[in-house]
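Protein chains: 6
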Amino acid sequence: MTNENQRSEQMTRLERGKLALNEIDGQAGQNVIDALADIAPDFATYLFEFPFGDIYARPGLSLRDREIATIAALAAMGTAAPQLKIHIEAGLNVGLSKDEITEVLMQMAVYAGFPAALNGLFTAKEVFETLSTE
Amino acid sequence: MTNENQRSEQMTRLERGKLALNEIDGQAGQNVIDALADIAPDFATYLFEFPFGDIYARPGLSLRDREIATIAALAAMGTAAPQLKIHIEAGLNVGLSKDEITEVLMQMAVYAGFPAALNGLFTAKEVFETLSTE
Amino acid sequence: MTNENQRSEQMTRLERGKLALNEIDGQAGQNVIDALADIAPDFATYLFEFPFGDIYARPGLSLRDREIATIAALAAMGTAAPQLKIHIEAGLNVGLSKDEITEVLMQMAVYAGFPAALNGLFTAKEVFETLSTE
Amino acid sequence: MTNENQRSEQMTRLERGKLALNEIDGQAGQNVIDALADIAPDFATYLFEFPFGDIYARPGLSLRDREIATIAALAAMGTAAPQLKIHIEAGLNVGLSKDEITEVLMQMAVYAGFPAALNGLFTAKEVFETLSTE
Amino acid sequence: MTNENQRSEQMTRLERGKLALNEIDGQAGQNVIDALADIAPDFATYLFEFPFGDIYARPGLSLRDREIATIAALAAMGTAAPQLKIHIEAGLNVGLSKDEITEVLMQMAVYAGFPAALNGLFTAKEVFETLSTE
Amino acid sequence: MTNENQRSEQMTRLERGKLALNEIDGQAGQNVIDALADIAPDFATYLFEFPFGDIYARPGLSLRDREIATIAALAAMGTAAPQLKIHIEAGLNVGLSKDEITEVLMQMAVYAGFPAALNGLFTAKEVFETLSTE
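Chains as they are written, first to last, in UniProt numbering: chain A, 1 to 134; chain B, 1 to 134; chain C, 1 to 134; chain D, 1 to 134; chain E, 1 to 134; chain F, 1 to 134.
Because the hints were derived from the structure by calculation, they are not lab data.
Computed from a prediction, not measured in an experiment: that's the story for all the values here.
Treat the hints with care, since some could be wrong.
Copies of the same chain look alike in the list, so a pair counts if it fits in one copy or across any two.
Below, computed lysine to aspartate or glutamate pairings styled on EDC-like, alpha-carbon distance capped at 16 Å [to be verified]:
(1) LYS125 <-> ASP38
(2) LYS98 <-> ASP42
(3) LYS125 <-> GLU23
(4) LYS98 <-> GLU23
(5) LYS18 <-> ASP38
Input sequences plus hints: build the corresponding full structure.
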């Protein structure tokens, strides 16, 4: 699938979002959707539609660049550990190397402080270790 | 100047940082340094040395990618308007287009909310307008 | 217009969002949309569609209750002064009294600290004064 | 007990706060107070007096409306998971339905981003499940 | 006035808080109180009573140490510029030197990032300059 | 070791930072360094050099005062629980009493809200209990 296809006018936002979420987050994204089923099923739809169907499917920035932005933002905010974990894995899925992700996280020390960078790095360490033992 | 040169072992961190700050932030960065002179001159040195001499000078990630990360983080945090302004200009200096910066800022709506994205977009609008009238 | 109508299946999300934004934020909301026109026109569409067409148009919570939530959140975050201003005015538009808005803002001292409450109260003071002199 | 009674001038702030905390947070609030006993017993007193004896006991806003504000603020801040849990339960105690609480949490996606809304929804899911199995 | 006196059991919290606010924040604190008069006069009372009558009046930590904590917290949070300004002046009132305040603010680069430290330092610069020209 | 020695011009920043980290954080700091070894060893070096070799080694503020600032900032931010734990222990190492640390944490209720203070106090309780059973 390419960015071009994601934006196909023939697809609904929901279809486009499902494709994008699957390409980017894989099983981890699906698990979030499943967990929403009994409490807020409409929110699962919004999650497909706006972040993935609208934003990630836009052609102006590559998925690799988008994940740099997302990993940086989530690490800097420091309030979204589960999502940071998913997007570190997503970064690997769309072409970032482990070293590039590590660079992004280290850089957050400058803007959000050493604790934000450290907590991000330890989250990455956990993701990298899980993947290498699968 | 290339990333390669920035890391030259012959340079001190301070020299490396001054080169990097100049390449990335240009006059806007220098203005921050100047403003620190009478209150915290040592902090100006740290600002050259750690963010620019240590982090930005590392070879593992391009300056363009680093500015994606910084713009995303500062917009998501929402507490660093003057620095966001400088780094939107810095992003243009190191190869990001206005449209790419706009994409990064719109994406922040997903992770930090619509106000963070809107405030970031209006900061970018101001920077773009200033530059186009110079 | 009622919540019921907003959700009319005959309307698109964009139409529904435009109606809702107009009802809730009035001119202040339109100004934000206008300001986006030259930098990120698509984002103006998203702003109509997701927050207003999807979320505010949902029937499970009154617009009055939704504005209590929004005013509380924006004041507690402390990073969204322009949006807080708009939503204090929006709160008045959908049935909150000045005193109720003041109560919500005072309560934020408990959860986000006295500075967050004070900054929120002074924003409200400014909005109330502007409205009373129109 | 009514708001009216809570403000009785005959009661001290401490008595009024104890009544309010008990009505709103029930056992969960008491557990927090108990846990403070050996490290900061005076802080337990302040917790009764200011948030509950002063703020929640004020007549200008119903307890139901106050809990909308608190749930929204805590979810948006993203740094107060234990307190969000307590206030989701408190919201149910003072008249909010599970669906209304879910609406408030979904709405936080607009103002604080999807991770804040998701983390809030999963906290609510946990509270709702615990209560339904008691 | 000493900490000892502040805690006099003969004084009400309000009286104790007024004395403490006057000693610590001086005219700047009084201006905040005055500005609250027409929007939330009860909140002015709470501001005297809880932060100043309860917390600052406690004997376990000197006012100088308390202002180190407050300046650090406000600079790190980055959402309370008006209050940071008042407490930098308050720090000078209760015995901190300009250099000590500058050290606290520089240290925030480690925990909250360079933008938080820079914004704090420029706030301090403004306060120091205003005071030196009075 | 004294502050004076830490700043010895004969030492490198790295040596100075290692001495300072050891004095301040002891084993807890070393554990963080060790955990970084396989993911970001350079970041361990930066952690010695900037926060400890540059900032904590400066003579203008005592280590005791510096830990007041750090504990306040980390508790107020609410996004750095592991680091707050380490610095509560560090505070005890450099001369703060348990009661003084408790005062700093209670005071954060004023600036960052009751949840920030409560979460900080419960972290302190855990540290104090661990130390008393060693």
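Violated hints - listed by number, lowest first: 3, 4, 5
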